[in-house]
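K.L.:
In case you want the letters, here they are:
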Amino acid sequence: MARRVAISPALRNITRYFVYLLAIIFISFALPRLIPGNPLSFMAGDYAKDVPSSVLQQFGAYYAPDLPFTQQFILYLRNLGKLDLGYSFYYKAPVAERIFGALKWTLLLSLPGLLISTGLAIWIGVRMGLAANDRGATLLLPLLATQAVPTFLMAALAQVLFGYKLRLFPASGACTPGITASSPGYALDVLKHLLLPLIVLVISEVPSTAILSYNSTLRVRKEQYVSFAKYLGISEDDVRQQFVIKNILPEILGKLSMQTILCVTGSLFVEAVFSYPGLGTLLKQATSYRDYPLMQGILLVSCLYGVCISAIFESILNTHTRTDYRRKPNE
Amino acid sequence: MLVLEGARIQYSHLTLSYPDMHIAAGEFVGISGASGCGKTSLLEALVGRDFRGEFSCERALLVGRDIRMLGEARYRLLSYCPQFAQNALNPKLTMRQHLRLTLKGNGLSYDQEKIEVLLERLRLSVTLLDHYPAMLSGGQKQRFVLFLCAVKQPELLILDEPSSALDVITLRDIVSFLTDLRGKTTIIMASHSQQLLSKAADQIISF
Amino acid sequence: MKTRVLSRVLLLVLIVSMVLALVSYSKVKDSSEERVLRMDIAGNTGFPAMYTTASNGPGYAIMSYMFDTLVWKDDQGELNLLADHYSVSDDQLTYTFRLREGVTFHDGTPFTAQDVKFTFDYTALHPYQWTATTMVKEARVVDDLTVEVELNKPYVPFITDVAGNLPMLPEHIFEHVADPTFFTAKEALIGTGPLMLESYDPNTSVYIFVKNPAYHYGEVQIDKLILAPCSNAKEALLAGDIDAAAGMKYVTAASLKDTENMTFIEGQSIQVARLYLNFAEEALAAKEIRQAISYAIDRQSIVDKAVNGSAIVGTAGFVHPDSPWYNPNIIAYHYDVTKARELMVAVGAIDTNGDGVAEYRGQKLSYELLASDKDVKVCEMLVFYLQAIGIECVARVADDSTVKGCICDGEFDIAFDKHGTFGGDPKYMACLATDTAGAIRASVPGGKRWQNEGFDRLFAASLLEQNQVARKELIAKCQEIVAEELPTLAVYFPVNAAVYNNTVFEGFYFTADGIASGIPFIYNKLCLISGQWQGE
Amino acid sequence: MSDLWAKIGKLPPYKRLCLLVLAAYLAIALLAPAVMPYSARDFSHPPLVPPSSKHLLGTDELGHDIFSLLLNGFRFTVFTALIAGFLSATLGTALAFISAYCGGAIDTALHFFASLFLMVPELIVIMFIAVFARPNLKNTILAIVFFSWVRVYQIMRAKLQDCLGNNRVVYILSLKGNILDVARALFLDILPIWSSFFVLQCNKAVMYETTLAYFGIGDPLAKTWGKLIKAAMDYPNLYYDAVFLWYLVPPLVAVLGLVVSLALLVSGEV
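Protein chains in written order, with the numbering used here: chain A, 104 to 434; chain B, 92 to 298; chain C, 52 to 587; chain D, 170 to 439.
Hint data in this document are derived by calculation from the structure and do not stem from the laboratory.
Where a beta carbon is used, it is the ideal one built from N, C-alpha and C, also for glycine.
Hints are not guaranteed to be accurate.
To be verified - Here are the computed lysine-lysine pairs in the PhoX-like style, where the Cα-Cα straight-line distance is at most 25 Å:
id, chain 1, residue 1, chain 2, residue 2
1, C, Lys300, A, Lys268
2, B, Lys183, B, Lys232
3, B, Lys183, D, Lys328
4, D, Lys223, A, Lys325
5, C, Lys168, C, Lys237
As the list claims (entries may be wrong) - Here chain A is said to cover these stretches of chain C; the calculated rule only asks that three of the stretch's residues, wherever they fall, bring their Cβ under 8 Å from a Cβ of chain A:
id, segment
6, 95-104
7, 232-238
8, 285-291
9, 448-459
Okay, chain A solo, but in the shape it has when bound (with noise of 0.2 Å):
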């Protein structure tokens, strides 16, 4: 340890993150490469007698496949350099252009879904852990049924009863096909397609961080400045607030953290069954037509978020543990 003191903790963690990138970099490099066959053999559909040799050129140029594995990769890193993730040849897009027309839609729906149901979860959870005689518990065993259950099957049975048996909300799609961002009615529309996705996602994410608010509270509620918070007279609310929550919340952060990774792709099952336009649905397409430069970069730039997002997080948590009060007034 006594070695390390020379090299700052800013910089080490600086050199830890570079690391991590150059580690992402290489596993979206590598991932699309593992994958059997051919690039060439798939871009011909079912009915076409070839690929067109300009989309070969423009795919040779980006992707170089039949240079040996190292040049492949330098020339990758140099494209990434210029910024430059390549073309998409199946939508004739830029590929950066496509991914982040989808992370939009993704985040629209992921970002309201990780909220409301965290904020959901550590209520429940919380009010769960501190009910008198381990009543809370009984609540376990929905909670655990809920968790059990697949998400694409619950977003099916969703959309058939909601959807289309009692037309409560409308069944797919991001917004009414014809309604343009400029129509009237844009913002309201997108809502309304919004919500059932929304419902199923939260209901999916809440029993997970539930599940650990209550446990973590149960742990932190045998601490003896809870008892002695209620020796005192502290209102309920506040020995919730400021005993319990304020004390459960590394845990949840560190939760949360994954759970934000995570919204990316975590609402793929979502996605697919209400044909929600996010990045889910960009990459399954990409799979299915081999379009290997929009993978690459979808790969890319979900790991990217992930460092990104776990970065933040991490820093968060420092900040909390550093003014915790864990110092000694003489240290």
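Following the hints, put chains B, C and D in place on chain A, whose structure we already have.
P.N.:
Just chains B, C and D now, kept in the frame of chain A:
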């Protein structure tokens, strides 16, 4: 103030029975006895939240009402300062936040002067109010716990081994602080130290 | 405490009522008098211009709404679209097209013989993935409305394969475009077709078309066509979210047969689901073992159970039994395990060590059976049937693209896959010939393939034979060879079906031999001309 | 053995019930071949028959007896879960132990990989694996282990670092004990945490299996519950004529029962 008759505590391998107690308002009662004789058990059973044993008694009245029926409401009347109070403070809150929440919970307003006087008596500096528990020494924590107990102005103050983490000098401060409270508040203090009790208490009950 | 609970309850009530208000708002439909037809589409099919659209069936069909070809097909068969009529020279080398008068592009520019010539010239420079034009020597403008196309050598399927597939491009736009595969400007969509693209959203994959009021072939019966992906077409159709479901599974469609206001239509079978065998495996290269396999597979049961009857049992000659080219005298290979076992024993594929798997020349008959993840049921049945004659198969499923890719690269032992372009002219048999020019890529397996000189000679002759009767004779002989040799095993021919709401629009049909090169959907643009709008 | 019984006796009643359910699952899994009325590969029955005395849960589209498939699923799913749970709990613990014992560069490297795992959205990796992995039971188990060891590793590492600081271990280390001695000394500390993780990872494995089945990873012909659920979902007329009651609901209930009992058994422990 407090009446307790025929109290017994049943653990799986052990049964403890206690002498009857009748404590009048304003009294300072000491409970003495060797370690392990059940002082803490009794206090936990009467006013604690984490008691894990079977408690039975003929009568247990707090201000004329059955203490077992009072539930959480009993903390409106009494303050309980548990043993080993090192972990009794929330690591995520400053002392001032503790103080504010305690006052809020008991419907009291923030009286700067009164608080300073109390702190002064416990030989705690006002600047410590902005510290987190981890930044305080063991004795400071113990005194803060006592301070919080006192600040809510209970009718009955119950202390369990306030001396456990204290050196002789702070002990003296606490004794003088408690003696000052005498008359205004009923105090029950459990300690294994006969010397401490005989200095402060009006009446000593030995187990 | 009480007030907090109360406020929370109030908040909840507020939220619920907001949601309900929102939802009830959604019931209010725009009551404009526009005749909007809504159909489903299987995901994104790319930017719908000629060179950029997806290389799958829907991709071409959607493009064809905006671009016309010289000839086209409806439910009855071939018809002249941009051509008024055409003639073929006696040597089969020169096709003369007389163009329809008064045809204009969407931007008002007249369509002339010059555009046709330009299209042939342009596709020579920029090969078009849907059809090769390499056999065209030259296209010549005779006058404003007459164009001559001269071929290098006779190519019998020229009309169906080229004239019926190649969209006519506007010269005044594409003359400036150096690389059409990345040309995605609005102008790239200017054609002569019945619809014009109003919007395309690559994110949501929603295509919106408006009618071309000046369409040359007749009045378009709708004002707007909306194509959007739909994950549950049946429910969407019943709920009125879409008016016609093109991409419905046969079984799903069939379940709507007796539903009020719904019309169920069944298409001709122009696809084939077949077994590919890798001839690098010694045992699979043995004709008798292939015949044994053919006897061992109960194709009728596969059709009944795995695809719920939505197919016709495969024939050994690789020609559809309903086709006029079909030779009914080929070997039928009815399900017969005893015969299959006899064949195996005769050729020396016997289980010598009692592990349930036969050996052939010292090699265990243990293979991997590759199939699409959509065909797991067929796969399971095949594994079962092959097991019965001592051929052990380990199933391996992957997505469609992987399966097609592995087949094209020859990375398989036994594979099961489906492909289209299996109707009309039997030129698709090219995929069995040594020279596979003219066959679609997906139908030609890589690696070591079956090769047969007799077949090659007969098939090559059939492509040049102009006499229909003689050609039919040649094709019949080809089938006999295929049925005897079994280079591939047609398991079944899938049938497509669609359902539409007849209170909105009436007159959808499946195109004879599929749209253009055999696309089995109801997306034919001429439905929109001949059909009738029913809604009010 | 009597020790174990005493421990079970001390559990709250709902946990005892969970144990009972799990024992039943295991028993059915072991007895399934004897109890199954038909072979899981037998598709000779008429397709889509509603439940009858001959076919307790009817038949599916191919003509399998659904009740037999369900029983068969017990074998696949319970054993997959047990093996995958055991492997991932053990792998996570072992790596955590190495990490905590060796410290330094090895710890940094292992921790780096674990963090990387948490940063890469796992569904993306699953989708790629689905494309290139050969589907068989072994790969399913490997995929499950691959995705689930990290959580065990992280929590175990923290706990072990605490343990290694305590006196007993310091004592062994001072006696120049090797890594095995330390492992032996810590064994009793680790065992209860490991067993909780084992149960938890079994639970995760069941849930992963259904998800992986959705993506088509795994032996396509192994009739696991995940595959059964997917087959039911793919059946177009599932919601008509109450078909879902015998096609979708039984495997779903089986999964729910297993997952919930496993989770309840360790609730409040990890």
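K.L.:
Does each hint hold? Answer for all of them.
P.N.:
Quick rundown of the hints versus the structure:
1. This hinted pair checks out: C:Lys300 and A:Lys268 have alpha carbons roughly 21 Å apart, not beyond 25 Å.
2. Between B:Lys183 and B:Lys232, the direct Cα distance comes to roughly 14 Å. Compliance with the 25 Å bound is thereby established for this hinted pair.
3. Only pairs whose Cα atoms come within 25 Å are accepted, and B:Lys183 paired with D:Lys328 is accepted, the gap being roughly 23 Å.
4. For the hint pairing D:Lys223 with A:Lys325, the CA-to-CA distance comes to about 56 Å; that exceeds 25 Å, so the pair is violated.
5. Using a Cα cut-off of 25 Å, the hinted pair C:Lys168 and C:Lys237 holds, with the two alpha carbons roughly 23 Å apart.
6. Counting residues of the segment 95-104 of chain C whose beta carbon lies closer than 8 Å to any beta carbon of chain A gives 5, which reaches the threshold of three, so the coverage claim holds.
7. Note: the segment 232-238 of chain C has 3 residues with beta-carbon separation from chain A under 8 Å; the three-residue rule is met and the coverage holds.
8. For the segment 285-291 of chain C, the proposed coverage by chain A is satisfied: 4 residues have a C-beta within less than 8 Å of a C-beta in that chain, meeting the threshold of three.
9. For a cut-off of 8 Å, the count of residues in the segment 448-459 of chain C with a CB near a CB of chain A stands at 8, and the three-residue condition holds.
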